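Number of protein chains: 4
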Amino acid sequence: MAKKLWGGRFKKKTDKDFFEFQKSIQYDHKLAKYDIAHSLIHVLALGSTGVLKPKEKAKLVKSIQKIQDEIAAGKFKYDKDSEDIHTDIQNKVEKKIGKLALKLHTLRSRNDQIVFDEKFYCYEESTKIEGLLEKFMESIMFLKNRYRELSIVGYTHTQGAQKIYFKDYLGAFYCMFERDKKRLSSFLKNLEIHIGAGALLRNIKKENYGKAIKEFLKGANYPIKPSENTVDDVSDRDFIIEFLSILSIMQMHLSRLSEDFILYSTKEFGFFELPEEFCTGSSLMPHKKNPDFLELVRGYTGRIYGNLFSILTTMKGLPLTYNRDMQLDKEPLFSSVETVKDEIAIMSRFIKGVRLNKDIIKESLKDKNLYSVDRAKDLVKQGMSFRQAHDEIGRELRKK
Amino acid sequence: MAKKLWGGRFKKKTDKDFFEFQKSIQYDHKLAKYDIAHSLIHVLALGSTGVLKPKEKAKLVKSIQKIQDEIAAGKFKYDKDSEDIHTDIQNKVEKKIGKLALKLHTLRSRNDQIVFDEKFYCYEESTKIEGLLEKFMESIMFLKNRYRELSIVGYTHTQGAQKIYFKDYLGAFYCMFERDKKRLSSFLKNLEIHIGAGALLRNIKKENYGKAIKEFLKGANYPIKPSENTVDDVSDRDFIIEFLSILSIMQMHLSRLSEDFILYSTKEFGFFELPEEFCTGSSLMPHKKNPDFLELVRGYTGRIYGNLFSILTTMKGLPLTYNRDMQLDKEPLFSSVETVKDEIAIMSRFIKGVRLNKDIIKESLKDKNLYSVDRAKDLVKQGMSFRQAHDEIGRELRKK
Amino acid sequence: MAKKLWGGRFKKKTDKDFFEFQKSIQYDHKLAKYDIAHSLIHVLALGSTGVLKPKEKAKLVKSIQKIQDEIAAGKFKYDKDSEDIHTDIQNKVEKKIGKLALKLHTLRSRNDQIVFDEKFYCYEESTKIEGLLEKFMESIMFLKNRYRELSIVGYTHTQGAQKIYFKDYLGAFYCMFERDKKRLSSFLKNLEIHIGAGALLRNIKKENYGKAIKEFLKGANYPIKPSENTVDDVSDRDFIIEFLSILSIMQMHLSRLSEDFILYSTKEFGFFELPEEFCTGSSLMPHKKNPDFLELVRGYTGRIYGNLFSILTTMKGLPLTYNRDMQLDKEPLFSSVETVKDEIAIMSRFIKGVRLNKDIIKESLKDKNLYSVDRAKDLVKQGMSFRQAHDEIGRELRKK
Amino acid sequence: MAKKLWGGRFKKKTDKDFFEFQKSIQYDHKLAKYDIAHSLIHVLALGSTGVLKPKEKAKLVKSIQKIQDEIAAGKFKYDKDSEDIHTDIQNKVEKKIGKLALKLHTLRSRNDQIVFDEKFYCYEESTKIEGLLEKFMESIMFLKNRYRELSIVGYTHTQGAQKIYFKDYLGAFYCMFERDKKRLSSFLKNLEIHIGAGALLRNIKKENYGKAIKEFLKGANYPIKPSENTVDDVSDRDFIIEFLSILSIMQMHLSRLSEDFILYSTKEFGFFELPEEFCTGSSLMPHKKNPDFLELVRGYTGRIYGNLFSILTTMKGLPLTYNRDMQLDKEPLFSSVETVKDEIAIMSRFIKGVRLNKDIIKESLKDKNLYSVDRAKDLVKQGMSFRQAHDEIGRELRKK
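As you go down the protein sequences, you meet chains A, B, C and D in turn.
Numbering follows numbering that gives the first Met the number 0, with no gaps: position 218 of the first sequence is 217.
Numbering follows numbering that gives the first Met the number 0, with no gaps: position 130 of the second sequence is 129.
Numbering follows numbering that gives the first Met the number 0, with no gaps: position 237 of the third sequence is 236.
Numbering follows numbering that gives the first Met the number 0, with no gaps: position 19 of the fourth sequence is 18.
Heads up, some of the hints might be wrong.
A pair counts as met if it fits within one copy or between any two copies, since identical chains are not told apart.
Unchecked claim - In silico DSSO-like cross-links for lysine-lysine, where the CA-CA straight-line distance does not exceed 30 angstroms:
1. LYS11 with LYS61
2. LYS376 with LYS58
3. LYS205 with LYS180
4. LYS95 with LYS266
Honestly, the hints are just simulated from the structure, not real lab data.
Values in this document were obtained by computation on a predicted structure and should not be read as measured data.
Throw the hints in and build the complete structure from the sequences for me.
Next comes the structure, spelled out in structure tokens:
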């Protein structure tokens, strides 16, 4: 148990098992980078209020920036005995500069830090996912273009319906991911990263934070703002739920693409040849080439939906403002973000390796049923009502 | 079993129990108004392609408009033996004008109709919910203003934390619902109501639908557009999931408000007096006045989340394009929309009736612990580091 | 608004919209039969305590039994202006016998009635589902036997794996539903229908209820018992969640059967011919015969899972004992029970109509890959290690 | 990338990112102990069929048992570059005894291994949870007994209802966890750990496995059996869903207990004093003692429900038999099992530390409303009907 940020009023020592149960450092260390940003802005704000003298401010900033550099260089090692990332960074600063570090947490609350950190994380990660989506959409376009003249069987109810262009078929997925991208953009547009809410009450003036943010950003474009309603800020986890909802819809699209590609690469359909380097074999049956990547993507739908449901459940009926339940928002968030990023990144390369079996496709298009609407059109041109034409063609088929 | 829109090719009669199992008229009749709109645009499009002669078009339009008038006047009665609302309207037109009605469904698919109807429904209903939200937010503002000078205990972890303004406390809810409204706006801004996708393939040119839409809208502002990617259009249910996600977050907010108000109206907290006309009693204990409205709102979170997960589950892994599974999107959609509308409408009036017990609140603010941060601030001013001040105050409390 | 079971202490009239919002008669009327049972036992218990004189008891019993007869004969009509089924029955008794009816609800609480009613409902409905499952399993056996000699391709990863017997393939589903049946049996075995918990406190002695139950049952076998821990009884909804969990697993099985049958009845696989009377056509494409029944069953998985999560969410974090949130357990319960019953009943007849295309199946079994394990076995017999044999066969395939 | 159990037929090397994406060793190493059991039984079966000579068998058994010993001693280190635990163990055996190891996987499939491993894991873990539940129930009993004479306010709708015994209140939780235990018992009773299903088809006779199991068990009591329907065995994940359902209900109980205890330990209720060693403080407010343990338990409901939903979603609509999607069942399973175990273990000690504030409780029992039913009883004794008595008392309250 590393040094904690609280404890003065407690007569008894924290139970060890409980301490292990409640600590979050094992996952919230992923927020180190953002927690550093909070610390920097906070120190700048303390400086502008006069709580910190210029020299103290400078020394604190410097020590925090050292940690920042370690993180950027991938050299940061969190202390697994710390309660959380906030405590860990505080302790590390203390190690570097001694007693002055005890001023770092002046009038600051972890309630404010964590929501700042998480919003910043969501901001950066949704931006990254936007970028990955773009590449993925380019891959779809690539495959679309490779077979731009090709027609295939279009299905409804997994039954052959009409002949359609492959580019329209694949284009449907393009449209889906385009909508996902739009949803991410709306999300990003509305996301504000607030600072200065205290535990639930402002301790330092908005103006001081305003100045500090400006100094921190140096013209950079992050939507960091001083807290408006502090009660709302520490209570709010909407941004996580909205983000996970967007990822859930995206995942649903991925599951449908996977389902179709699994189907089209069966021996029985035979339309697609999947890239071997993304398939696996069987430890028993030497002949097997299984579409494992697609199956795993389809299967991960459980995880992505489950994570959304997890955080929705946790937030249900929580009294204002902050409650410790809310700590449990991080694992589902990280899990969905990381899974979706992996999926799209690999899918982008996977999809470029898909080959279409033109001969089999050509054969499949010979099915006369695919053209029953054209037959009906002809009868309509000859003056029959569509309803009658439909019936007539149906009756012919019945006789067979 | 009323007359169906298909069946020519079938040798055997549809099984009765199966027919009952698969029909949707018992809920999709709620889309009648929107299905009429589809029929009108479709007839106009058929007219512009020449499939319908001007007189035929006029006659069909007139008969459809009659049904439209019945719906508007609340006189429309759906035939519960029909398969679905599309079939029912077709049969009703046939009843009115005979054989010509057999041309109504020319080159049209229910796959296109249903997604058009549902998008139109979502468009109108989310607009209504926006309006209800506005009123609800006004009510919050009303209560906020009534007690604008009042301070109350602010809580974290359901434990008294610091003294805060009531207006900031209630304002937090205002902020939440404002975000919900923003999400609805983004949703509405991106929603396009497409027409002309056929079963999965365009049968009538975009230009013809374009003209027909213009003629139908007569300057009205609905975002109706000809289908771009027809494969995507009949496969897509994103708009329902996105809508239900937005409602789920809103519902989460409602559940938190309810939880707090239930708590604050217990005898033990005693801060709030709930309006009697929204409470109920006990059949056994004569003294009871229970916060049933708030409990039901909190409880409905199950339904609203459940509906979201229902449609997410149904859509998981569906092959393109339309599958009958997708018929089951309507009941969760309607259920969430209607529940949320009822909740907000009643909550708007409920909240205006809430009274605060100023004496109890005043008493509760006497707790010295609520001012421990101020104590720490003082010690900081005297030169102590915040960490030390925190410890010192903690140790004092420990001794008691 | 019909006469209510409470209201004395209220100065203001119940708000009309709120009354509509909170009433449950529109769905809990389905529990009429069980609520009658509660009333009968309660009256018998009141009789044995002396609160009711023998004549009063007899008169009350008679009037309640009249309602019971109406229910049995399908003639019971609930009053949609009543708050709930308990109130409705009370009012109906009052209509029949006047003032004496005012003694019916003596020392009784709706908290006790509703949990009794729901447990009784679950008891009867799970028994019915057991019966339907049995028939369904017989149907599976029927189809299994029809093709007992037939071999088919066995799949892993939707890729042909090895030749297996059709009876083993279909037998796998038999095993699944057999486990479902076992789970139902365990559920039924542990289910006790308690009576006499009051609002949360016993008002009438256990002995009196004990006698009354005996008198009511007349040797019948229902597991009705006097309440043991009254606090637990009115707080408990485990039985609903457990029931819905069992139905969710069963539904998952149904979804897998549906998926496979949809796949095997595609033109591309071609193994199965589905019974026409359970399929539907397209309003646009005259040639279509769609596996709608199977798609709907697969799609209903959303509903069944959603209902389970609805009630799980509603129950999360509820303080003891009864809260009005719990009223919302009924709609998900009824919805899952009715859906599953319909599905299995129709599936039992559906499955008997499935025909296998022996020629296509025979052809599919010619694929040499299906026998790669046999090849490996041979090599093992010749002394090669299995790992080497696997590699060798794999390498041969690679060269092709 | 360590040596794999397949690959002969593949021309291209597995993509590195995909390999990372698809491997499971990072979590399925937790099944090492059970996978060893499978290997032992399998080797014994191979011995009894003659595929392995007695010496080969003995040598293989010995090398596997060495690994078993390492696991038991906590010294087992899995190779993170292996695909999965099955591969890892195979490779480790090879390292120990060279070429003979290539016979270990003869006629065995990972499809059979994984379901065996998971069932064995569920068997052992549910047994452990049963034990923890027992201890937890003893703790409840302990607290119940400490205050066995005490009465408290009983609540419905979070509003004071009637005076009840504390032992009945706490006993309600005892009843809940007793039901959970019963559900675990039913689960365990029906659980069979099958072996010998191959990929989906039996490769070695039931008799050989039967003998091997006997030899392995040496009289121990594990319900290990040869596979009956091999198709079902490799497709089945019911046992995980059932287990997670049981844990979800248990978690719901824990969430309700937490909610109540949080409430009763607020300053406003004041009934309970929570054990300090299981509480935490605030980094800002020195006075805070927060019920973090209870909040985390309440919050974990999201995770436990989410895990259940995750696996339900993943299994929806999967074609028979094994699909790679099913690999994703392990993380939700492990996560729920470990979380619940931690919760109950700590809760058992937590609950023993809870103290009741008798003075505050005594004061709270002075509220006359708590005795309104007794008043009504009196009036009934005087000949009034209960309905009238209820009204009369209500009217009196109204006047105040």
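Comparing the hints with the structure gives:
In the homo-oligomer, the alpha carbons of LYS11 and LYS61 never lie at most 30 angstroms apart, since the shortest distance is 37 angstroms inside one protomer and 51 angstroms across protomers. For a Cα distance limit of 30 angstroms, the shortest separation of LYS376 from LYS58 across copies, 22 angstroms, qualifies, whereas the shortest one inside one copy, 81 angstroms, does not. In this homomeric assembly, LYS205 and LYS180 come within 30 angstroms of each other (Cα to Cα) only across copies, at 26 angstroms, whereas the closest approach inside a single copy is 34 angstroms. Neither within a single protomer nor between protomers do LYS95 and LYS266 lie at most 30 angstroms apart by alpha-carbon distance, with minima of 64 angstroms and 41 angstroms respectively.
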